[in-house]
Amino acid sequence: MTERRKKTSRKTARKRTTNKTATSKTATRKHAPKRWSGRVTRESDALDLKGGVFKQTSAKKIAASLKRSAERSSRRKAGAYRSALSMLTFYINRAGKNLPKTQRDRLERAKGELKQQFGRE
Numbered sequence: 002m003t004e005r006r007k008k009t010s011r012k013t014a015r016k017r018t019t020n021k022t023a024t025s026k027t028a029t030r031k032h033a034p035k036r037w038s039g040r041v042t043r044e045s046d047a048l049d050l051k052g053g054v055f056k057q058t059s060a061k062k063i064a065a066s067l068k069r070s071a072e073r074s075s076r077r078k079a080g081a082y083r084s085a086l087s088m089l090t091f092y093i094n095r096a097g098k099n100l101p102k103t104q105r106d107r108l109e110r111a112k113g114e115l116k117q118q119f120g121r122e
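First residue of the sequence shown? That's 2 in this note's numbering, and the numbers climb one at a time after it.
Honestly, the hints are just simulated from the structure, not real lab data.
Please note that a few of the clues may not be correct.
Calculated lysine to any residue pairs in the SDA-like style (CA-CA distance at most 20 Å, straight line) [to be verified]: (1) Lys61 to Ala81; (2) Lys68 to Lys116; (3) Lys116 to Phe91; (4) Lys98 to Arg110; (5) Lys102 to Gly113; (6) Lys61 to Thr90; (7) Lys61 to Glu72; (8) Lys68 to Arg105; (9) Lys68 to Leu50; (10) Lys68 to Tyr82; (11) Lys68 to Ile93; (12) Lys62 to Asp106; (13) Lys116 to Asn94; (14) Lys56 to Gln104; (15) Lys51 to Gly39; (16) Lys68 to Arg110.
Label pairs and their calculated CB-CB ranges [claimed, not checked]: (17) Lys62 to Ser87: 17 to 25 Å; (18) Lys31 to Lys116: 38 to 46 Å; (19) Arg83 to Lys31: 35 to 43 Å; (20) Trp37 to Gly120: 30 to 38 Å; (21) Lys98 to Arg40: 18 to 26 Å.
Since this is a predicted model, take the numbers as computed values, not measurements.
Where is the CB? At the ideal position from N, CA and C, for every residue including glycine.
Let the sequences and hints guide you as you build the complete structure.
Okay, here's the thing in structure tokens:
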């Protein structure tokens with residue numbers, strides 16, 4: 002490309018980006034943020050989870066439910082233990098700072114319980 006063409010293409014590129022204007026209707030409307038993590042737990046090939054499994058009050062119940070789901074699931078690609086543990090870890094990581102300390106501790110204990118229930122100590 003010659004110098005002249007480079008300058009021309011830069012100008013047109015700048016014009017395109019600066020000419021974008023939003024109408025007042027779309028500028029004032031707020032859209033909900035797209036949350037992909039919820040879709041992953043529902044639709045991924047990891048597990049068929051029972052609803053509210055991570056909200057249960059006991060680490061043993063959470064681990065038992067995850068184990069049951071992992072063993073019955075026909076959608077998982079890895080072993081049952083690996084799928085259950087990865088879904089639990091995924092939930093903890095995606096919840097981030099919004100997860101209360103008591104619930105985070107319960108879910109961390111559920112990891113140990115899951116290990117015991119699968120006999121991997």
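Against the structure, the hints:
With a C-alpha separation of about 17 Å, the suggested pairing of Lys61 with Ala81 holds against the 20 Å cut-off. Of the supplied pair hints, the one linking Lys68 and Lys116 holds, its CA atoms being roughly 10 Å apart against a limit of 20 Å. About 16 Å separates the Cα atoms of Lys116 and Phe91, which keeps this hinted pair within 20 Å; it holds. Among the hinted pairs, Lys98 with Arg110 is consistent with the structure: their alpha-carbon atoms are about 18 Å apart, no more than 20 Å.
The hinted pair formed by Lys102 and Gly113 meets the criterion: a straight-line CA distance of about 17 Å does not exceed 20 Å. At most 20 Å may separate the alpha-carbon atoms for a hinted pair to count; Lys61 and Thr90 meet this at roughly 16 Å. For the given pair, Lys61 sits about 16 Å from Glu72 by alpha-carbon distance, which is consistent with the 20 Å threshold. Proposed proximity of Lys68 and Arg105 is supported: the alpha carbons are some 19 Å apart, at most 20 Å.
Our distance criterion of 20 Å between C-alpha atoms is met by Lys68 and Leu50, whose separation comes to about 10 Å. Distance hint between Lys68 and Tyr82 is fulfilled; the C-alpha atoms sit about 7 Å from each other, no more than 20 Å. Using a Cα cut-off of 20 Å, the hinted pair Lys68 and Ile93 holds, with the two alpha carbons roughly 17 Å apart. This hinted pair checks out: Lys62 and Asp106 have alpha carbons roughly 14 Å apart, not beyond 20 Å.
At most 20 Å may separate the alpha-carbon atoms for a hinted pair to count; Lys116 and Asn94 meet this at roughly 19 Å. With a C-alpha separation of about 8 Å, the suggested pairing of Lys56 with Gln104 holds against the 20 Å cut-off. At roughly 14 Å between alpha-carbon atoms, Lys51 and Gly39 fall within 20 Å of each other, so this suggested pair holds. Annotation: proposed proximity of Lys68 to Arg110 holds, straight-line Cα distance about 15 Å (limit 20 Å).
Lys62 and Ser87 have their C-beta atoms about 19 Å apart, which keeps the hinted 17 to 25 Å range intact. Checked against the hint of 38 to 46 Å, the pair Lys31 and Lys116 passes, with Cβ atoms roughly 44 Å apart. Here the CB-CB span from Arg83 to Lys31 is close to 40 Å, well matched to the stated 35 to 43 Å. One distance hint, 30 to 38 Å for the beta-carbon pair Trp37 and Gly120, holds here, with the actual separation near 34 Å.
The supplied range of 18 to 26 Å is met by Lys98 and Arg40, whose beta-carbon atoms lie about 21 Å from each other.
Of the numbered hints given earlier, the model fails none.
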